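**Q** Each chain, letter by letter, is given below.
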Amino acid sequence: MTDPHADRQDPLLRITGLVIDYRTGRRRWTPAVRGATLHVGPGEFVSLVGESGSGKTTLVQGALGLLPESARIRAGSIAYSGVDVTGWNDRRMALVRGNYVGFIPQDPNTSLNPVKKIGQQVIEAVRFNEPDARDAARHRQAALDSMRTAGLTDAERVFHQYPHELSGGMKQRALIAIALAGKPKIIVADEPTSALDVTVQKVILDHLVRLREELGIGVLLVTHDLGVALDRSDRILVMRDGEIVEEGPVRRVLENAADDYTRRLLDAAPARHAGRLEPASGRRPLPGREVLRARGLTKTYRLRGRGPRRELRALDGVDLVVREGTTHAIVGESGAGKSTLASILAGFTSPDHGTVHLGDRELTGLSRGRLREIRRDLQFVFQNPFTSLDPRFTVAEIVAEPLRAFGLARGRRERTARVTELLKAVALDERHLHRLPGQLSGGQRQRVAIARALALNPKILVLDEAVSALDVSVQAQILRLLVDLQAEYGLSYVFVTHDLGVVRLIADDVSVMKDGVVVETGPVEHVFRSPRHDYTRRLLEAIPGAGLAVAGAR
Amino acid sequence: MLRYLALKIGRALFVVWAAFTLTFVLLFVLPADPVDLLFDPAEVNSVPPEVRAQVAASYGFDRPVILQYLTRLGHALTGDFGTSVQSGRPVVATILDVLPSTLLLAAGALALALVIAFVIALAATSARRPWVRDLVEALPSGAVSVPVFLSGILMLQIFSFRLGWFPAFGDEGARSLVLPLITLAIPVSGPIAQLLVRSFATEFRSGYVTTSWAKGATRGGIVVRDVFRNASLPALTIAGITFGNLIAGSVITETVFARQGVGRMTQAAINTLDVPLVQGTVVLVAVGFALINLIVDLIYPLLDPRLRAALATG
Numbered sequence: 146m147t148d149p150h151a152d153r154q155d156p157l158l159r160i161t162g163l164v165i166d167y168r169t170g171r172r173r174w175t176p177a178v179r180g181a182t183l184h185v186g187p188g189e190f191v192s193l194v195g196e197s198g199s200g201k202t203t204l205v206q207g208a209l210g211l212l213p214e215s216a217r218i219r220a221g222s223i224a225y226s227g228v229d230v231t232g233w234n235d236r237r238m239a240l241v242r243g244n245y246v247g248f249i250p251q252d253p254n255t256s257l258n259p260v261k262k263i264g265q266q267v268i269e270a271v272r273f274n275e276p277d278a279r280d281a282a283r284h285r286q287a288a289l290d291s292m293r294t295a296g297l298t299d300a301e302r303v304f305h306q307y308p309h310e311l312s313g314g315m316k317q318r319a320l321i322a323i324a325l326a327g328k329p330k331i332i333v334a335d336e337p338t339s340a341l342d343v344t345v346q347k348v349i350l351d352h353l354v355r356l357r358e359e360l361g362i363g364v365l366l367v368t369h370d371l372g373v374a375l376d377r378s379d380r381i382l383v384m385r386d387g388e389i390v391e392e393g394p395v396r397r398v399l400e401n402a403a404d405d406y407t408r409r410l411l412d413a414a415p416a417r418h419a420g421r422l423e424p425a426s427g428r429r430p431l432p433g434r435e436v437l438r439a440r441g442l443t444k445t446y447r448l449r450g451r452g453p454r455r456e457l458r459a460l461d462g463v464d465l466v467v468r469e470g471t472t473h474a475i476v477g478e479s480g481a482g483k484s485t486l487a488s489i490l491a492g493f494t495s496p497d498h499g500t501v502h503l504g505d506r507e508l509t510g511l512s513r514g515r516l517r518e519i520r521r522d523l524q525f526v527f528q529n530p531f532t533s534l535d536p537r538f539t540v541a542e543i544v545a546e547p548l549r550a551f552g553l554a555r556g557r558r559e560r561t562a563r564v565t566e567l568l569k570a571v572a573l574d575e576r577h578l579h580r581l582p583g584q585l586s587g588g589q590r591q592r593v594a595i596a597r598a599l600a601l602n603p604k605i606l607v608l609d610e611a612v613s614a615l616d617v618s619v620q621a622q623i624l625r626l627l628v629d630l631q632a633e634y635g636l637s638y639v640f641v642t643h644d645l646g647v648v649r650l651i652a653d654d655v656s657v658m659k660d661g662v663v664v665e666t667g668p669v670e671h672v673f674r675s676p677r678h679d680y681t682r683r684l685l686e687a688i689p690g691a692g693l694a695v696a697g698a699r
Numbered sequence: 013m014l015r016y017l018a019l020k021i022g023r024a025l026f027v028v029w030a031a032f033t034l035t036f037v038l039l040f041v042l043p044a045d046p047v048d049l050l051f052d053p054a055e056v057n058s059v060p061p062e063v064r065a066q067v068a069a070s071y072g073f074d075r076p077v078i079l080q081y082l083t084r085l086g087h088a089l090t091g092d093f094g095t096s097v098q099s100g101r102p103v104v105a106t107i108l109d110v111l112p113s114t115l116l117l118a119a120g121a122l123a124l125a126l127v128i129a130f131v132i133a134l135a136a137t138s139a140r141r142p143w144v145r146d147l148v149e150a151l152p153s154g155a156v157s158v159p160v161f162l163s164g165i166l167m168l169q170i171f172s173f174r175l176g177w178f179p180a181f182g183d184e185g186a187r188s189l190v191l192p193l194i195t196l197a198i199p200v201s202g203p204i205a206q207l208l209v210r211s212f213a214t215e216f217r218s219g220y221v222t223t224s225w226a227k228g229a230t231r232g233g234i235v236v237r238d239v240f241r242n243a244s245l246p247a248l249t250i251a252g253i254t255f256g257n258l259i260a261g262s263v264i265t266e267t268v269f270a271r272q273g274v275g276r277m278t279q280a281a282i283n284t285l286d287v288p289l290v291q292g293t294v295v296l297v298a299v300g301f302a303l304i305n306l307i308v309d310l311i312y313p314l315l316d317p318r319l320r321a322a323l324a325t326g
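From first to last, the protein sequence lines are chains L and Y. For what it's worth, the working numbering labels the leading residue of the first sequence as 146, then goes sequentially. For what it's worth, the working numbering labels the leading residue of the second sequence as 13, then goes sequentially.
Some hints could be false.
Computed list of chain L residues with no C-beta within reach of chain Y, every gap over 12 Å [unchecked claim]:
#, residue
1, D166
2, P176
3, Q206
4, E269
5, A282
6, D535
7, A562
8, D616
Below, simulated EDC-like cross-link-like pairs (lysine to aspartate or glutamate); rule was C-alpha separation at most 20 Å, straight line [what the hints assert, rightly or not]:
#, chain 1, residue 1, chain 2, residue 2
9, L, K330, L, D229
10, L, K262, Y, D316
11, L, K261, Y, E149
12, L, K328, L, D277
13, L, K330, L, D342
14, L, K569, L, E633
The hints are simulated quantities; they were obtained by calculation from the structure and are not laboratory data. Nothing here was measured: the structure is a model prediction, and the numbers come from that model. Yeah, the Cβ is synthetic: ideal placement off N, Cα and C, and Gly gets one too.
When you get a sec, could you build the whole thing from the sequences and use the hints?
**A** Below you can see the structure in the form of structure tokens.
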């Protein structure tokens, strides 16, 4: 490959043939990054895209000298503006970090020191990178400037606040302020918006682009979200199994991806698909009668404390109808009340007012015993397949548990047969029967969770962010599976998600929630084509990957 | 905030009251008759009943249990725990005599234990070679495992008898305090060090430490500026265990080194079934325990802004 920068100025960051190993035994090393090469020039916005386990985070840690002790750089080099820093010790790297390269971490909620005020944390970043260590007044000024540049308009106030007093978006801005405080030439951001709501994500990413334009710094954005990468970068790199499999300008990659994996990633991106997924075989069931109906659900949580009683209205008069054989999606950002709604529908929480009807039976106000009977018809799939399965149970035991609990499929042989049948339904097989959850991938675990939910032949599944923790390609598989299962068993879904892109793939109806209220509801095509509510419009605009949809339609 | 304070103080008072009541019940149902112990064992059986009755009456042993309890509780509230059966002196005065010596020992040992624990935790966090860290991390379990009487006697053997650097017993001067201090500090430091090593390691891997690295901070700076405060918070939560260890350790330490103190006095009081004195010391320990936990509860909000915020609204 000929490098366009070779005979000109050195790029801000150049990584050449980098190999990073993890120690997996006494003398055993497993490569996580296998010969990665990349460069970022001044004012350039480069995105590094990869799914979990692709080695993208390890690569970035290597570039910053922040590798864990169990990792080592076996070959290759890292150079900042032509200065080779490979193998520098912490003391020397400390001169590069902050000063030359700024870093924006993944989770703003854990990346700030909880017992220190924001201002102090930004000032430290200023001080480490200033020759004059004593000029406190100027440091303070520089910190405030940095906070304003990071988009904290109310810098004076935030300066005296603790992290827990700020929202996720504000914390991420504070972290950007910290990254900018050392006046770096390049900023490396590792999934900076994965923990944030989609509208906040848009604001933060737009701000990064503006910083690039205004300050002329280079940006290396690491993300799992192809849509995010395509919307904003000049160039993108796709990483898989420790190797960079695709590199090029956005337009070229979008229109003519050289690598198979890139094409698959592009296909898996929800934004690529304009309409609902069709089942592999058979047809989608025709929408039937109402199977689940909620009326005027209200739930208020009382916050502890003295003085005027403070309340949090999680739900405020929510109506919802799910028709047989269809999917009703509930979308909204964190705090919108969608999880409260899901848990009321599933009978885990009782509402203050309102009713839930499952067919002709009323769910609300039932005794535990009666609710238990209803659970046969209504099952729940949780968000995180890593915590919703008992780590000590084998797959067979997990899937058989509902059968056992309800006294179905008596006898070992019958039960095993049913479990195998269920595993087949979710595209797993006998080989997985005796594995533990820890031995399965995220996608496989979610399949097991779905198999468990199907064990009692329910009519309705409530899926609470069931695909949010999964990689895009795995997410696409699970969504496809759900669509197929729906066609096969005539299931109805209540699909709770924060991701509007997914809604388009799987849902027939959608309810958009904000602050405990359904602001808009209707058939998906309707709501997406002509949203009536401002908030829906903002949500739709914030979906990353607008460019993808265009390319997909082509 | 006020409610928080009231709650914590109320809880402390309850602990002290419960200790008083519990000791009263336990000591009352003890099989031995306290009156017997007032006489020479050889003559106990030959004491005329009217003399026994007179003695019992003078100590209040002859009245109904509930009356004894109420009277004692009333007196205790005014700071009167009766008189020691053995010495005939007021219990409070007996305790106050030996209290300073024990306080000095306990406070000194606690300070030393904290120093040891923090040094171990810092060393384990800063050590870059894995084997050094493993070695340092093994120290606390060693410290807990060695019984006080063993380490005390070993130290006596080496530093007093063999080398003659420090006196073997007594409590005169600072030099006599050195060996007991070390003896008591070692086991007390163990649990604190174990907790600190763990929380230092956890905090060192946390997200905000990565942020600090990225700011350009150095390893030492991160340990001091970021990790230290966050990692020290959990150590406060085992203050109760620490206090218990100090009391238990001081009983043995004072015995081994023949020092005056509450520990040795308690031991003697139990051996002679000196009911009022035992009860006095137990209540004293309960007061100490409640005070320590109260102080911890009050310090916590000062160190953690999150808790402070929760209290301000709650």
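**Q** Decide, hint by hint, whether the structure agrees.
**A** The hints, checked one at a time:
no. : hint            : in the structure
1   : D166            : holds (17 Å)
2   : P176            : holds (22 Å)
3   : Q206            : violated (9 Å)
4   : E269            : violated (6 Å)
5   : A282            : holds (20 Å)
6   : D535            : holds (25 Å)
7   : A562            : holds (46 Å)
8   : D616            : holds (22 Å)
9   : L:K330 - L:D229 : holds (16 Å)
10  : L:K262 - Y:D316 : holds (11 Å)
11  : L:K261 - Y:E149 : violated (29 Å)
12  : L:K328 - L:D277 : holds (15 Å)
13  : L:K330 - L:D342 : violated (28 Å)
14  : L:K569 - L:E633 : holds (13 Å)
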